[in-house]
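Enquirer: The listed protein sequences correspond, in order, to chains A and B. Residues 1 to 404 (my numbering) make up the first sequence, in order. Residues 1 to 166 (my numbering) make up the second sequence, in order.
Quick caveat, the hints were computed from the structure, so don't treat them as lab data. Among the hints, erroneous ones may be present.
[Said to hold, decoys possible] Pairs of lysine-lysine residues, derived as DSS-like cross-links and limited to a Cα-Cα distance of at most 30 Å, are as follows:
#1 A:LYS95 - A:LYS60
#2 B:LYS53 - A:LYS60
#3 B:LYS147 - A:LYS187
#4 A:LYS334 - B:LYS147
#5 A:LYS290 - B:LYS38
#6 B:LYS147 - A:LYS218
#7 A:LYS218 - B:LYS49
#8 A:LYS334 - B:LYS108
#9 B:LYS90 - A:LYS95
#10 B:LYS84 - B:LYS68
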Amino acid sequence: MNHNHPVFTDNDPQSELVTLNLGPTHPATHGVFQNVLQLDGERIVSGVSTIGYIHRAFEKIAEHRPFYQITPLTDRLNYCSSPINNMGWHMTVEKLLNIKMPKRVDYLRVIVMELSRIADHIICNTIIGQDTGATTTFLYLFQFREHIYEIFEEVCGARLTTNIGRIGGFERDFNDIAFAKINKFLKEFPAALKEFENLLTRNRIFIDRTAGVAEVTKETALEYSWTGPLLRATGVDYDVRVSDPYSSYQDFDFEVPVGTSGDIYDRYLVRNEEMWQSVRIIEQAMEKLKSEEKGIFHADVPEFYLPPKQEVYNNMEALIYHFKIVMGEIDAPKAEVYHAVEGGNGELGFYLINDGGRTPYRLHFRRPSFINYQMFAPMSEGMLLSDAIINMSSMNIIAGELDA
Amino acid sequence: MEETTLNNDIHVKLTERFGEKVTAVSEPYGLLTFVTYKDVIINVLSYLKEELKFNFLTDITAVHYPGKDHGIAVVYHLHNMVEKVRIRVKVFISEQNPTIPTATTVWKGANWMERETYDLFGVKFEGHPDLRRILNMDDLGVHPMLKQYPLEDPNRVDKKDEFFGR
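Could you build the full structure based on these sequences and the hints that come with them?
Expert: This is how it looks when you write it as structure tokens:
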């Protein structure tokens, strides 16, 4: 077996450096990725990150699946906010096919995506609290992630790996219970988020543990292709929702919070403010839905939108379209397209090349966690071990997105 | 497709600077795409970064077109965040000798993107500080995204394209 990973084999008895496998702190350090650190006392001298333990070859599998079968693969990228990945993929294909969505579908999508963003940020921020010793905050806010999952369950039947929506819209309309649950969430969540902030934002211990730790400059962040809350915490106001609006984000009024020093405290504040902004966006979307015609939940593109089973059995056109979509026989232009959405961790990009076959010729995922994480080992050098642990939580590394 | 003025400006500037080294310019879905060659790729990327303000490296990946002279396309996506414009740069390299200079000299963030591309396609980025496999195991021996490696049992006949009129 050929090991070309650097392994610290320091047999010098005089050496005072200690080699340590970091973890388990993050849920994925149980075996999904590994950080080997060399320590001088509590200071990190150098580190090596090894990833790839849940590499599932999605890009290869995608070359053998018709478009609609790729949605479940995207679920498993950032599984903390799967609906954003699903929507991103649908929108990539819709861009390729030049399908324009009705406004109501756009707004429904925005609601689902912003709920997932909140769920994603809840995980990250409560875990920063947890890793600095504040378990209470974790328990307080985490139940709202459960409420969000209940909404997803109402919309699509699944909770974690949602496979939500279809190419061309949603598989079904939101039902009344779903809307009731969203309204309930909008009513209850702000109070809980306020309480969460009261517990942490001005907390002396929390500030001491996070402020000024793992500072990153704008220049470094851009040099390392950081995106998402991590980049915004350094002071760059780059948000795909604003710079490249998709799904009618231009219709909404919201702010892009930025930090100044890029430290962990700034990342925490940016994510918190983004949750507030997401609530604002969902409220606006609910308001806008009132003036949209009810019952529209997909675009009128029968040749690309999977028809309901009832129609497939009773209607010849639907049967034909169903067959063609399932067999990957749709007439998609031979072209290549790049589409990016703002995922929980940054710019989630889909680079799709279609050659007219039944499946994509090539599909590449630009995964924000993967690109953000490469800086973890270099930036840990010189850091205290305890700081490196919160640094990792604040980067919100999702193993599924790391490996694809 | 009609080029937008912004993309047209970029196209003109690139042609002025690199002449015939900038070829096959197209604009699928509004994204300016061109092909260049591996001897000038670093100059092109630096020029785009320094002069045309494409400050952000979005992505590096590759595509395999088996049976062609230069069967591997290395694809760079760059982004000018200020003017909100993206660009796609492609370099076709030979399958037998898939080498290309590393972009880590221009962006440090290219490091893992190039390791991934090396791992999946076997593209050797010359001068890369740490070119090891990143996703697959070290002794895999092949670069699995190349088209000659089938995903499923190649003896299956029920999924062949000819049965579907292709």
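Enquirer: If a hint holds in the structure, say so; if it does not, say that too.
Expert: Outcome of the hint check:
Between the alpha carbons of A:LYS95 and A:LYS60 the distance comes to roughly 22 Å, so the proposed pair stays at or under 30 Å and holds. Under the criterion of a C-alpha separation no larger than 30 Å, the hint pairing B:LYS53 with A:LYS60 is inconsistent with the structure, at around 34 Å. With a C-alpha separation of about 52 Å, the suggested pair B:LYS147 and A:LYS187 falls outside the 30 Å cut-off, and the hint is violated. For the suggested pair A:LYS334 and B:LYS147, the alpha carbons sit about 19 Å apart, so the restraint of at most 30 Å is met.
Straight-line distance between C-alpha atoms of A:LYS290 and B:LYS38 comes to about 55 Å, which puts the hinted pair past the 30 Å bound. For the hint linking B:LYS147 to A:LYS218, the alpha-carbon distance of about 39 Å lies beyond 30 Å, and the restraint is violated. Straight-line distance between C-alpha atoms of A:LYS218 and B:LYS49 comes to about 16 Å, which keeps the hinted pair within the 30 Å bound. Note on A:LYS334 and B:LYS108: the hinted pairing is violated, with a Cα-Cα distance of about 34 Å set against a maximum of 30 Å.
A threshold of 30 Å between alpha carbons decides the hint, and for B:LYS90 with A:LYS95 the separation of about 21 Å falls inside it, so the pair holds. With a CA separation close to 35 Å, the supplied pair B:LYS84 and B:LYS68 exceeds the 30 Å bound.
Of the numbered hints given earlier, the model fails hints 2, 3, 5, 6, 8 and 10; all others are met.
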